[in-house]
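Peer 1: Here's the letter readout for the chains.
There are 2 protein chains.
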Amino acid sequence: MSSILVVGSLGYDTITTPLGRRENILGGSANYFSLASSIFAPVRIVGVVGEDYKSEDMALLEARSIDTQGLQKVNGETFFWEGRYEDDMNEAITVETRLNVFQDFKPELPESYKASEFVFLANIDPELQMDVLSQLSSKVFVGADTMNFWIGSKRAQLENLISKVDVLLINEGECRQLTKSNNIVHAVKSLTEMGVESVVVKRGEYGFMLYSQGQYFMLPAFPVAEVIDPTGAGDTFAGGFFGYLAGNGKRPTIEHLKEACVYGCLLASYTVQDFGVAGVARVTKSELDSRLKNYAQMVSGLPKGQFEAEMR
Amino acid sequence: MSSILVVGSLGYDTITTPLGRRENILGGSANYFSLASSIFAPVRIVGVVGEDYKSEDMALLEARSIDTQGLQKVNGETFFWEGRYEDDMNEAITVETRLNVFQDFKPELPESYKASEFVFLANIDPELQMDVLSQLSSKVFVGADTMNFWIGSKRAQLENLISKVDVLLINEGECRQLTKSNNIVHAVKSLTEMGVESVVVKRGEYGFMLYSQGQYFMLPAFPVAEVIDPTGAGDTFAGGFFGYLAGNGKRPTIEHLKEACVYGCLLASYTVQDFGVAGVARVTKSELDSRLKNYAQMVSGLPKGQFEAEMR
Chain A
1 MSSILVVGSL
11 GYDTITTPLG
21 RRENILGGSA
31 NYFSLASSIF
41 APVRIVGVVG
51 EDYKSEDMAL
61 LEARSIDTQG
71 LQKVNGETFF
81 WEGRYEDDMN
91 EAITVETRLN
101 VFQDFKPELP
111 ESYKASEFVF
121 LANIDPELQM
131 DVLSQLSSKV
141 FVGADTMNFW
151 IGSKRAQLEN
161 LISKVDVLLI
171 NEGECRQLTK
181 SNNIVHAVKS
191 LTEMGVESVV
201 VKRGEYGFML
211 YSQGQYFMLP
221 AFPVAEVIDP
231 TGAGDTFAGG
241 FFGYLAGNGK
251 RPTIEHLKEA
261 CVYGCLLASY
271 TVQDFGVAGV
281 ARVTKSELDS
291 RLKNYAQMVS
301 GLPKGQFEAE
311 MR
Chain B
1 MSSILVVGSL
11 GYDTITTPLG
21 RRENILGGSA
31 NYFSLASSIF
41 APVRIVGVVG
51 EDYKSEDMAL
61 LEARSIDTQG
71 LQKVNGETFF
81 WEGRYEDDMN
91 EAITVETRLN
101 VFQDFKPELP
111 ESYKASEFVF
121 LANIDPELQM
131 DVLSQLSSKV
141 FVGADTMNFW
151 IGSKRAQLEN
161 LISKVDVLLI
171 NEGECRQLTK
181 SNNIVHAVKS
191 LTEMGVESVV
201 VKRGEYGFML
211 YSQGQYFMLP
221 AFPVAEVIDP
231 TGAGDTFAGG
241 FFGYLAGNGK
251 RPTIEHLKEA
261 CVYGCLLASY
271 TVQDFGVAGV
281 ARVTKSELDS
291 RLKNYAQMVS
301 GLPKGQFEAE
311 MR
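Residue numbers (the numbering used here), protein chains in the order written: chain A, 1 to 312; chain B, 1 to 312.
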């Protein structure tokens, strides 16, 4: 088992969905990620919070033995995002973003973090993501996410970053934007041509597609009858994915990558069942195993192929 | 093995997609359906064509031993549809529909068709679909499709029909419209509450979801690098689905339904690879088996579950 390092945002969100509204609840990619990944492996977190960051929110991470030595607490207010979802729960509409202390965030790895083998660079400025990469001394497997803002404003830096990581996790809309292709088969191939070995496209309720070493692996999401709040589903996916790989410890095979996608996908299904991090924060290992069994039934049942005998 | 009866449209389509344009090519739900289903079982077709219907298009069916005794050839022009697709290949935009001889179509089953056990009522007026049902003497398994036009204009008749069939095949957008629900888990449940035992939601490139006897089964579509023309993919799915079930002959189990969905899905992937019926018309059995093997690799690789030992 290896430790996993995540660099990303910690913040407060105000979220409105067809099923309700919550103000100033805990959010941020690094929170979703580390709550999910800590189910499988020890987690180290790098990020910045303001003076208003609540001690109970810090305690939530510490209760999972998440190493928070890399969290900077600085003067000012914590990152804030307000978003809403309308009928299409697959797409968030941003109402307001206040970067606050995140504006001047410069990730600095504590000495003890520099030898991290599994690393996830959540969605932040691609130049900062590169900077983190350069601080690492013994990385084995590094992944990154990004978003429309960076694709539009820092494409060259982003493409450079993509060529330096092992896996890119990206949502489907942003995958289209980045590759200028509406066809997912073309899109994932063109991403690997930028120099990344593996790509995971996150497709909301339609699940994911992994492309690695010329192989595809894709499955739909676990069907959830009441999607309360999709915020953080992608970061939860990434957390489950990386957590599982770090839990294995070795450089992942294609089989590990496939299994990691399934855990990422299943964990995300808990996130969407409640507001904020509440869903993923309360998943137990036995629940996860039981949902996996349930899911396996939903995606198993292929025919054996009937024409082979006939052909001979 | 049982015969399968399909009632639907035969027509000529003019189609524009980002990859080209074809004028007056063969189309119609019954054509796509019967070309797909005839791979597995004998097919009987009921529909209407005009004087302009080409003998080569009739010969295409007869070469597959499709029984065309139920095809009426009447004075006037054949059904015509013009549509186009923009970037979103999952959605057709209708440019023009000329019902022509389809306007006064009244399906009449030849005596030899009345004992059909497997029956598919493709998308036509739900009152005509009901009328066909009433002509059948020994049906075992009946399915129906529908479209936005009938949901809007003949909802009561459509709901009555749904309560009388064994499976409803419907695309995702129309499923939302019919159930007034954006959540697919709710939607398929509420359809079964209308009295149909099984529902298959067709989701374009995202595949399908089957709901039957409280069980879900869902998989993504086979990924196609060049989607030339999605027209007829849904009817091809239905053809593969019903063809496989009729090929088995018995009233389907849940396992048969799952397998049938996979064949439907795979056959549809050939349809989208060319304009009109060309893709599905040239699928060979050995190709289909080989694509199934390829597909099986793309959707297999679930983790075994790792916490069970720990829990005991």
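Bear in mind the hints are in silico, worked out from the structure with no lab data behind them.
Among the clues, some could well be false.
Said to hold, decoys possible - In the DSS-like style, the derived pairs of lysine-lysine whose C-alpha atoms are separated by at most 27 Å in a straight line are:
hint	chain 1	residue 1	chain 2	residue 2
1	B	293	A	293
2	A	304	B	250
3	B	250	B	304
4	B	293	A	189
5	B	293	A	304
To be verified - Partner residues are not named here, just some residues of chain A that face chain B (Cβ under 10 Å, in silico):
hint	residue
6	106
7	155
8	186
9	295
10	302
11	305
Stated by the list, open to error - Computed from the model, here is a short list of chain A residues facing chain B with C-beta under 7 Å:
hint	residue
12	85
13	136
14	262
15	298
Cβ coordinates follow ideal geometry from the N, Cα and C atoms, glycine included.
Peer 1: It remains to establish, for every hint, whether it holds in the given structure.
Peer 2: Verification of the supplied hints:
Of the pairs offered as hints, the one joining residue 293(B) and residue 293(A) holds, with about 24 Å between alpha carbons and a cut-off of 27 Å not exceeded. Straight-line distance between C-alpha atoms of residue 304(A) and residue 250(B) comes to about 18 Å, which keeps the hinted pair within the 27 Å bound. Proposed proximity of residue 250(B) and residue 304(B) is contradicted: the alpha carbons are some 33 Å apart, above 27 Å. Between residue 293(B) and residue 189(A) the CA atoms are separated by roughly 21 Å; this keeps the pair inside 27 Å, and the hint holds.
Proposed proximity of residue 293(B) and residue 304(A) is supported: the alpha carbons are some 9 Å apart, at most 27 Å. Because the smallest distance between the Cβ of residue 106(A) and any Cβ of chain B comes to about 37 Å, over 10 Å, the interface hint for this residue is violated. Here the hint on residue 155(A) is broken, as its CB sits about 20 Å from the closest CB of chain B, past 10 Å. Hint on residue 186(A) holds. Least Cβ distance to chain B is approximately 6 Å, under the 10 Å limit.
Annotation: residue 295(A) was flagged as interfacial toward chain B, and the flag holds, the nearest CB pair being 8 Å apart, inside 10 Å. Restraint check, residue 302(A) versus chain B: the minimum CB separation of about 5 Å is within 10 Å; hint holds. Taken as an interface hint, residue 305(A) checks out: its beta carbon lies about 5 Å from the nearest beta carbon of chain B, inside 10 Å. A hinted interface residue such as residue 85(A) counts as satisfied when its beta carbon comes closer than 7 Å to some beta carbon of chain B; here the least separation is about 11 Å, so the hint is violated.
The restraint placing residue 136(A) at the interface with chain B is violated, with a minimum CB-CB distance near 28 Å, outside the 7 Å limit. Against a cut-off of 7 Å between C-beta atoms, the interface hint on residue 262(A) holds, since the closest Cβ of chain B lies about 6 Å away. At its closest, the beta carbon of residue 298(A) sits 5 Å from a beta carbon of chain B; the interface hint therefore holds under the 7 Å criterion.
Against the hints set out earlier in the document, violations occur for numbers 3, 6, 7, 12 and 13.
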